[in-house]
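Chemist: So the sequence lines, in the order shown, correspond to chains A and B.
Residues 1 to 806 in our numbering are what the first sequence lists, from first letter to last.
Residues 1 to 103 in our numbering are what the second sequence lists, from first letter to last.
Please keep in mind that the hints were generated in silico from the structure rather than gathered at the bench.
Hints may contain errors.
[Said to hold, decoys possible] Sample of chain B residues at the chain A side, in silico, Cβ under 10 Å:
#1 Thr4
#2 Ser5
#3 Ile22
#4 Ala37
#5 Lys39
#6 Leu40
#7 Glu53
#8 Ile55
#9 Gln56
#10 His74
#11 Asp80
#12 Leu82
From a predicted model like this one, the values you see are computed outputs, not experimental measurements.
Built from N, CA and C at the ideal position, the CB exists for glycine as well.
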Amino acid sequence: MEMSRRNFIKSTLAASAAVAAGISTTSNAVAQSQEVVIERWVKGVCRLCGTGCSVYVGVKGDRLVAMKGNVESMTNTRGYLCVKGMNIWKVAHHPDRLTKPLIRDGKGVLRPASWDQALTLIEKKFKQFHKKYGYDSVAYYGSGQCTTEESYTFNKLWKGGFGSNMVDGNPRLCMASAVAGYMSSLGSDEPAGAYADIEKSETIFLVGSNLSEAHPILFRRVARHKKDNPNVKIIVCEPRKTLTSAVADLWMPSLPGTDLAIFNGMAREIIKNNWHDKEYVKTLGRVTIGDGSKELAWADYVKHLEKYTPQYVEKKTGCPAADVKAAAKMFAKSKATLSMWCMGLNQRANGVWANNLIHNLHIITGNYGKPGADAFSLTGQPNACGGVRETGSLAHLLPGAKPVANKKWRTFVEGYWGVAKHSINPSKAINPKPGMHAVKLFSSLGGEKDKTKPVKAVIMSTTNPAQTLPNVNKFIGGMQDAFTVVIDIFPTRTAQCASVVLPAAFIYEKGGVFGCSERRSFLTDKAVNAPGEAKADIWIAAQIAKRMGLTKLIGWANETSIDRMNELAWNDYIGCTANTEKTLKGATYKRLKKSTVGVQWPCPDEKNPGTYKRYVRGMDPIFDNPKRYGYTIPADAKEFFYARPHGKANIFLRDDPDNSEQTSPAYPFIMTTGRVLEQWHTGSMTMRIPETAAAHPHSFVEINEKDANRLKIKNGDIVKVESVRGYNILPVKIVNNTLEGVIFVPMHDQKADRMVNFICSDIVDPKSAEPDYKVSAVKITKVSGPKKIDGRYLVSRQEMNKKTFS
Amino acid sequence: MIFTSAVLEFHKDSYKELLSFIESQSQVEVYDKDIDAGKLVLVISTEDDAELEVIQKTFHANKLVIDFTYHAIHFGESVDKLIDGEIKIDFEDINNKKKNKLQ
Numbered sequence: 001m002e003m004s005r006r007n008f009i010k011s012t013l014a015a016s017a018a019v020a021a022g023i024s025t026t027s028n029a030v031a032q033s034q035e036v037v038i039e040r041w042v043k044g045v046c047r048l049c050g051t052g053c054s055v056y057v058g059v060k061g062d063r064l065v066a067m068k069g070n071v072e073s074m075t076n077t078r079g080y081l082c083v084k085g086m087n088i089w090k091v092a093h094h095p096d097r098l099t100k101p102l103i104r105d106g107k108g109v110l111r112p113a114s115w116d117q118a119l120t121l122i123e124k125k126f127k128q129f130h131k132k133y134g135y136d137s138v139a140y141y142g143s144g145q146c147t148t149e150e151s152y153t154f155n156k157l158w159k160g161g162f163g164s165n166m167v168d169g170n171p172r173l174c175m176a177s178a179v180a181g182y183m184s185s186l187g188s189d190e191p192a193g194a195y196a197d198i199e200k201s202e203t204i205f206l207v208g209s210n211l212s213e214a215h216p217i218l219f220r221r222v223a224r225h226k227k228d229n230p231n232v233k234i235i236v237c238e239p240r241k242t243l244t245s246a247v248a249d250l251w252m253p254s255l256p257g258t259d260l261a262i263f264n265g266m267a268r269e270i271i272k273n274n275w276h277d278k279e280y281v282k283t284l285g286r287v288t289i290g291d292g293s294k295e296l297a298w299a300d301y302v303k304h305l306e307k308y309t310p311q312y313v314e315k316k317t318g319c320p321a322a323d324v325k326a327a328a329k330m331f332a333k334s335k336a337t338l339s340m341w342c343m344g345l346n347q348r349a350n351g352v353w354a355n356n357l358i359h360n361l362h363i364i365t366g367n368y369g370k371p372g373a374d375a376f377s378l379t380g381q382p383n384a385c386g387g388v389r390e391t392g393s394l395a396h397l398l399p400g401a402k403p404v405a406n407k408k409w410r411t412f413v414e415g416y417w418g419v420a421k422h423s424i425n426p427s428k429a430i431n432p433k434p435g436m437h438a439v440k441l442f443s444s445l446g447g448e449k450d451k452t453k454p455v456k457a458v459i460m461s462t463t464n465p466a467q468t469l470p471n472v473n474k475f476i477g478g479m480q481d482a483f484t485v486v487i488d489i490f491p492t493r494t495a496q497c498a499s500v501v502l503p504a505a506f507i508y509e510k511g512g513v514f515g516c517s518e519r520r521s522f523l524t525d526k527a528v529n530a531p532g533e534a535k536a537d538i539w540i541a542a543q544i545a546k547r548m549g550l551t552k553l554i555g556w557a558n559e560t561s562i563d564r565m566n567e568l569a570w571n572d573y574i575g576c577t578a579n580t581e582k583t584l585k586g587a588t589y590k591r592l593k594k595s596t597v598g599v600q601w602p603c604p605d606e607k608n609p610g611t612y613k614r615y616v617r618g619m620d621p622i623f624d625n626p627k628r629y630g631y632t633i634p635a636d637a638k639e640f641f642y643a644r645p646h647g648k649a650n651i652f653l654r655d656d657p658d659n660s661e662q663t664s665p666a667y668p669f670i671m672t673t674g675r676v677l678e679q680w681h682t683g684s685m686t687m688r689i690p691e692t693a694a695a696h697p698h699s700f701v702e703i704n705e706k707d708a709n710r711l712k713i714k715n716g717d718i719v720k721v722e723s724v725r726g727y728n729i730l731p732v733k734i735v736n737n738t739l740e741g742v743i744f745v746p747m748h749d750q751k752a753d754r755m756v757n758f759i760c761s762d763i764v765d766p767k768s769a770e771p772d773y774k775v776s777a778v779k780i781t782k783v784s785g786p787k788k789i790d791g792r793y794l795v796s797r798q799e800m801n802k803k804t805f806s
Numbered sequence: 001m002i003f004t005s006a007v008l009e010f011h012k013d014s015y016k017e018l019l020s021f022i023e024s025q026s027q028v029e030v031y032d033k034d035i036d037a038g039k040l041v042l043v044i045s046t047e048d049d050a051e052l053e054v055i056q057k058t059f060h061a062n063k064l065v066i067d068f069t070y071h072a073i074h075f076g077e078s079v080d081k082l083i084d085g086e087i088k089i090d091f092e093d094i095n096n097k098k099k100n101k102l103q
């Protein structure tokens, strides 16, 4: 019997789900359909969080028509999808897509232009500024949402071609503290383990992460693990009792910014009860302080922890003393403990130290190097790890995540790139001095008339700093006065400040590699063409390279096929980093094209399957030939932190300083910020999906019910939330899931008086330069009773012509 | 129309009770099943994602359900209508739809 079109679609989807569920399907009638409703399935990655879910997009003609999970996936196991990913097609086909270059005229209006006009203007300005103000006057600000090939190309263009390290990216705002934490504690960036540790763990410590809303697929894995194994213990430590706590055995509340005392308190409790792994500490631990150069004795560490009694911790953090004891026991007594954290730890004035203290807990309990045990920092963006951290597209790094200040590595990269031959900078070298981190970069950005601002131009891709920078009011004027180029798919607040706006291709319109939190690089194939004149970033970078006289440096600049450009850029990148511990030499483009699961580094050759667990002999291929990577590993070492001469992980003495903004009688509340499930970042995509926009059409402020009673505020009332930097006008949501004195505001709303970063503190971590989004001192005053909110606000094409934010 | 396949895991002793619940959902069809393993493959046909979300919440709220997870979605008809101008992605059509309450 001939099937109807709709029945055919349903049978196709059902058959795929049956495979995912591992049950035999009776939906084999699909072959009888007379109509092709999906011409081909194209493999790719979801781009709406850092998990790296593997998907197939269904294509008919030049349209995306379907999406399914990849049942072979190692990330979204069994190919399950979440609500954000399933709606991504509305972004690709949205009528608001930017489709033509725009140049701002003398009256402040963005006018359509040709690509040649836009690129000619960029060339003229860049050359003019290079000559007049020096090579560091022109910056690149990238994103954890660009592909690896794109980030690598821009990074090479700037550092190798211009001799300037004025390259940074939005991972500075989310992951920099984790990077510095891994580097200082273990000697090498990124986790030792993988998502596969979730199902092998006995205790999971979730800290500074609202996993249920920020990484729903990973939360599902955690919840499922708990459901299947009721003895597994889950601890959630965060200021708000979110949905994540629904699966927890223990919720540890803490006042924002104070949890360093909790971690030290747990360590004290573990040692006091003799639960620590003495052999592991002796073999693989090293007590130290400050920058890690001076080795101390174990007794120094024990003495340092004396202050952190459960009672002290309770007083400092608001976390009950009994919870500290219980958490310490769960953490130490399990056979394998996995910690996972995200922005709650990283976006802090003491984010690096917070990371160090989590690593301390793992070192003293021997929780690395075995299945189910790891200290795992989750990323918020799909390619913050692969594209920015691993390619070294930050102001202080080179490919392989090694510092520009490292002369040996700098010399190698100069040689590999042919800098002496190709650079347009007379120095003919990579600058040994790091460039500016994000907050400093935008503080230094301004017009030609402003002699105090040395940065005169910036090109920004796939990111929205005019909404995301902390204390953002400080930076908007500079962005408007300088020569700013924005590459994006939609109008944004940053595009509103731009001199030139370049329309970008979406991931499924160009393809490329994303590397997710678990060191896994996965290639997305191009599925459909970009709308109008939108172009891939790598093409844009190539055009700039050609016009700046750097065609030979960027060997793919003259290619016309984006796929070929991607391949050449990728192969150049994996060649550059082949002799680092982040090697993906075996993950050739050809291999990634074929692979349906991607490859985890280190992967030194094509026969290597990729690495699930680092630092362990028999699992980590670096042990097979350490000299190739510049390391010495004793032949009898089963586990070794090879990026350090001594092979040990640092147990840091870190106190709990009050570096964050402090409350005062005038500003008595602590405000913390974050995501909600249906929205992502500044809402430029998710606010354009009606259903997700409808779920949270505007921002709000969560206030503890006791605080609300004291302030005589009712649910829905409109209040002014104000810091010394600025204010928001927000409706109130009264909750009982926070400690008193703590309020929460989401970050996705684009409406000027609800953009929370006008309020946020711009204190940065002294080591990582990551801002302290999680702790700002504010006051709350009632404005009115409940009233209609101008929700679902989006920056429109028309608003891009306005000087002020409405 | 949007068509979505999902995998539902249930307490296998309650299959009959669950089945009658599913049959009460007009947009939901059972395509495959493994009762011993406590798994069903469902296909859900909805006008839009908002309707789909309501169904998802209904399943998540059902005590007989252990897990309910999406696997694939076909939105081709909506894309065609969108590109052909028959529907708009704007906010006019969601004004009256449910949003998350403030409490």
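Chemist: Each hint: holds or not?
Modeler: Each hint tested on the structure:
no.	hint	result
1	Thr4	holds, 7 Å
2	Ser5	holds, 4 Å
3	Ile22	violated, 14 Å
4	Ala37	holds, 7 Å
5	Lys39	holds, 5 Å
6	Leu40	holds, 8 Å
7	Glu53	holds, 7 Å
8	Ile55	violated, 12 Å
9	Gln56	holds, 8 Å
10	His74	holds, 4 Å
11	Asp80	holds, 7 Å
12	Leu82	holds, 6 Å
Comparing the model with each earlier hint shows violations of hints 3 and 8; every other hint is respected.
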